[in-house]
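The residues making up each chain are set out below.
There are 2 protein chains.
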Amino acid sequence: MKIAIASDHAAFALKAELSAWLAAQGHVVTDLGPDSEASVDYPDYGYKLAAHVAEGKAERGVALCGTGLGISMAVNRNPAVRCAVVSEQLSAYFSRDHNDANVIAMGARMIGIEQAKACLTTFLATPFGGDRHVRRVEKLSNPPFARETA
Amino acid sequence: MKIAIASDHAAFALKAELSAWLAAQGHVVTDLGPDSEASVDYPDYGYKLAAHVAEGKAERGVALCGTGLGISMAVNRNPAVRCAVVSEQLSAYFSRDHNDANVIAMGARMIGIEQAKACLTTFLATPFGGDRHVRRVEKLSNPPFARETA
Numbered sequence: 001m002k003i004a005i006a007s008d009h010a011a012f013a014l015k016a017e018l019s020a021w022l023a024a025q026g027h028v029v030t031d032l033g034p035d036s037e038a039s040v041d042y043p044d045y046g047y048k049l050a051a052h053v054a055e056g057k058a059e060r061g062v063a064l065c066g067t068g069l070g071i072s073m074a075v076n077r078n079p080a081v082r083c084a085v086v087s088e089q090l091s092a093y094f095s096r097d098h099n100d101a102n103v104i105a106m107g108a109r110m111i112g113i114e115q116a117k118a119c120l121t122t123f124l125a126t127p128f129g130g131d132r133h134v135r136r137v138e139k140l141s142n143p144p145f146a147r148e149t150a
Numbered sequence: 001m002k003i004a005i006a007s008d009h010a011a012f013a014l015k016a017e018l019s020a021w022l023a024a025q026g027h028v029v030t031d032l033g034p035d036s037e038a039s040v041d042y043p044d045y046g047y048k049l050a051a052h053v054a055e056g057k058a059e060r061g062v063a064l065c066g067t068g069l070g071i072s073m074a075v076n077r078n079p080a081v082r083c084a085v086v087s088e089q090l091s092a093y094f095s096r097d098h099n100d101a102n103v104i105a106m107g108a109r110m111i112g113i114e115q116a117k118a119c120l121t122t123f124l125a126t127p128f129g130g131d132r133h134v135r136r137v138e139k140l141s142n143p144p145f146a147r148e149t150a
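Chains as they are written, first to last, in the working numbering: chain A, 1 to 150; chain B, 1 to 150.
Just so you know, not all the hints are guaranteed correct.
It does not matter which identical chain is used: a pair holds within one copy or between any two.
Calculated cross-link-like contacts (lysine-lysine; reagent style DSSO-like; alpha-carbon spacing at most 27 Å) [as the list claims (entries may be wrong)]:
#: 1; residue 1: 139; residue 2: 117
#: 2; residue 1: 57; residue 2: 139
#: 3; residue 1: 48; residue 2: 139
#: 4; residue 1: 117; residue 2: 2
#: 5; residue 1: 2; residue 2: 57
It should be emphasised that the hints constitute simulated quantities derived from the structure, not laboratory data.
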């Protein structure tokens, strides 16, 4: 699978570890940065990742920051992307089954590496449930706010 | 504090319980629905809540669905709002200190009532940390995507 990954400085080490782990499984991983632990602003990397996924350059995205919260807010500004902040596998499962999430967000200061890998495995393996969820996901692609700012 | 609350059908009972609990503490609570457990679409209620907070009708918002994930995606479509999905207090703390979150999202099927109350207490009591976080929060208010859809 084509997977893009981005973080802030707080999650730089987690990004490196997950990138290598995904690549070792045969995924094609695009690292959108940052490329060091120097302080950066998480919205910049969240927007970059969201655009990458929205343009179809990656099928899934991985967004990492200290808590996963800040970068998830940035990613979810893009109506073409659905980003789920998770810290355990059941939420990762539901994010795919119910919300067709195409980006997973996790917090480098909140969960450990094995939990992160387990969440990511579930996120990548779980199909969208379809059915009644389709209409709701379509509504997420058409927010009233985007039109209001036009 | 003026607090708005909204949910989907899965979190209808949690919404009722948290609304009463907040009101008993002296908060002015506006319940934006739904008003029964009949099936609804979480984006409709997320958008309604986000607009309410963005328009200054409430200082904070509480967004509830089965996992907290779906409704948080909807709320975060609005660039004026910062919605944090949390399942424990430390994330609730950081969502305020780092991200100046004005909406908290929680999952009725994921956490129990006392954990939800504890997260909400922390969310309401924690001030924004300011400093380096100000620039990042400002970037969350000015996503490139909103302009692209103009």
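Okay, the hints, checked on the actual structure:
no. : hint      : result
1   : 139 - 117 : neither (30 Å within a copy, 30 Å between copies)
2   : 57 - 139  : both (23 Å within a copy, 24 Å between copies)
3   : 48 - 139  : both (23 Å within a copy, 13 Å between copies)
4   : 117 - 2   : within (17 Å within a copy, 40 Å between copies)
5   : 2 - 57    : within (8 Å within a copy, 43 Å between copies)
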